[in-house]
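Visitor: Each chain is listed here by its residues.
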Amino acid sequence: MRRGEAVIERVRMGEILVREAPAQLAIYGLGSCVAVFIHDPARKIAGLAHILLPAPIPRGAGAAEGPTGKYAGTAIPAILEAIRGLGGRPESCVAKVAGGAHMFAATPSTDRETLGERNIRAALEALARHGIEIAGMDIGGSYGRTVVADAGSGAVTVTSLKRDAKKI
Amino acid sequence: MTTSILSAKDLERLRRISVEGAYAAERALHQFTGVGVRLDVAAVSSVDLADVPALLGGPEAPVVGIHLKVFGECRASVFLALPPRTALKVLAILFPPGAAGIDELSEMEVSGLMEMGNILTCAYLNAMSAALGMSLIPSVPMFASDMAGAVVDVLLIEQGQRADAALVIHTEMTAEPDLKGQLLLMPDPASLPRILEALAEGPEP
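As you go down the protein sequences, you meet chains A and B in turn. First residue of the first sequence: 7, per the working numbering; consecutive thereafter. First residue of the second sequence: 777, per the working numbering; consecutive thereafter.
Isolated chain B (complex conformation):
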């Protein structure tokens, strides 16, 4: 099973659906934080598993990672990576005056970041679910703050059982002045045929 079963046309359809997801997540994040956040779908493409950490700033880049699994008619993994600076800014917005440092987050602060990941992901998935006509049900969020390569590798191990590359829907999050983050949505290789079917039923791109 490889990601190559998706044609360029399929990828373009999936990108358009992802853009709807990104809009929905933008609105939800604005409601949650009161801050205007932009979500841009950077790419929908097949990425060699070893190249995924580079999307997050490189394998040794420190990130705050929020991970959700997706169940339902399509299985997938969602990973939100925030640079520590961004995570601290988010906390300053949610719980003023904010956290002392990224290595000494309280339980409530970790919950706040997970909730942000949860809201973003749920809004994104709801919009995609409606567009694809398939159920996408997120798990509870999971949290880890460490080197990007280390935090993301368990997702790549799960992908790696059936493929050497992952289909990655890569969305970049930005907000003024310097909030930024990377959102990766990776359908399980075994779910690709089901996604292909759903895309085929949609309108021409």
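Isolated chain A, as found in the complex:
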């Protein structure tokens, strides 16, 4: 898919992509999953993760190993490592977070926290643990999002079926 000149690369569920400018990275149709975008503005390197879950369940309980991008706890250090590998500096990185919606909102839930809320909390905690500042968020609600992120400018555009596009 192309928007303007740059090719937009899709980040599938459970995946991480880390690229240099002028790359654009996208997640289409994000619901309760969480998009974490980490950007090194000086080197113009960025990573995007399409996270499903906070952390793996304990081993031996039938846990799935899965791709690194699947869990907030593993995706964020993996992006920082890949940014470092491309010559970036994790200590100068900032992050943007989107998603974590509750799509079947009309149904009363007895859970203290929805899956989306758990994912957001886990992503924010993992970013804080690595000392990454949050530069923007578009989280929660009960609608789907498409996220397109620019490795050069660090701009993240969030579009949805029911709302106007916004830049975070």
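It should be emphasised that the hints constitute simulated quantities derived from the structure, not laboratory data. It is possible that part of the hints are untrue.
Stated by the list, open to error - In silico EDC-like cross-links for lysine to aspartate or glutamate, where the CA-CA straight-line distance does not exceed 16 Å: (1) B/K845 - B/E891; (2) A/K168 - B/E891; (3) A/K168 - A/D156; (4) B/K865 - B/E952; (5) A/K50 - A/E119; (6) A/K168 - B/E880; (7) B/K785 - B/E977; (8) A/K168 - B/E802; (9) B/K865 - B/E891.
On the provided structure of chain A, position chain B as indicated by the hints.
Guide: Relative to the frame of chain A, chain B by itself:
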């Protein structure tokens, strides 16, 4: 735990049982809507979680989604995805002259669509339950209208705790002239051993 514990033979047995479910759901839908609807089991297979939205027309395709959880001896998720055009046609049949638009459905119209999902799912599960000899009890239906990827991802998150692929029983719904929908039935990975046992007790395919 992976879906690979089911052999090709097991999948074929499960497909045959699913075809019985699809027939039962066809009859129930015909009674509910008065329209002849075809349900064809497209595939019973292991699908990478990231590939599930593609079965529904792609992650950004707008869908009206009806979701039920299944409890009992086997846990599972059921998801019925209707393109907005189809959902509007269904509403025109149930409540003539129909809804103004997919983004402005009344409470009654949403209930009508959920009831359709409920009837379809209950008929499907009853037939499967009889064939497998195990209880399959559906929850109340849940409703969301949005991008396919966004609506289905919570089901994939639940599957994803224990697996990277889901066992998907994919049934395609069609009716003349252009009603169509996709029904996905995904047993929880933890319930696969119980399904395997039930299949082993059945007749040879």
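Visitor: Below or equal to 16 Å on CA atoms is what counts here, so check A/K168 against B/E891.
Guide: Violated - the C-alpha atoms of B/E891 and A/K168 are around 25 Å apart, more than 16 Å.
Visitor: Checking one constraint from the list: CA of B/K865 to CA of B/E952, max 16 Å. Satisfied?
Guide: holds, 11 Å
Visitor: For the pair we were handed, B/K845 and B/E891, check the Cα-Cα distance against 16 Å.
Guide: Holds, at about 15 Å.
Visitor: Holds or violated: are the alpha carbons of A/K50 and A/E119 at most 16 Å from each other?
Guide: violated, 36 Å
Visitor: Please verify whether B/K865 and B/E891 have alpha carbons no more than 16 Å apart.
Guide: holds, 15 Å
Visitor: Regarding the pair A/K168 and A/D156, is the alpha-carbon distance no greater than 16 Å?
Guide: violated, 23 Å
Visitor: Could you grab the alpha-carbon distance between A/K168 and B/E802 and see if it respects the 16 Å cut-off?
Guide: violated, 33 Å
Visitor: With a cut-off of 16 Å on the C-alpha distance, tell me whether B/K785 and B/E977 pass.
Guide: holds, 13 Å
Visitor: Sort out whether B/E880 lies within 16 Å of A/K168, counting only the CA atoms.
Guide: holds, 11 Å
The structure shown violates the earlier hints numbered 2, 3, 5, 8.
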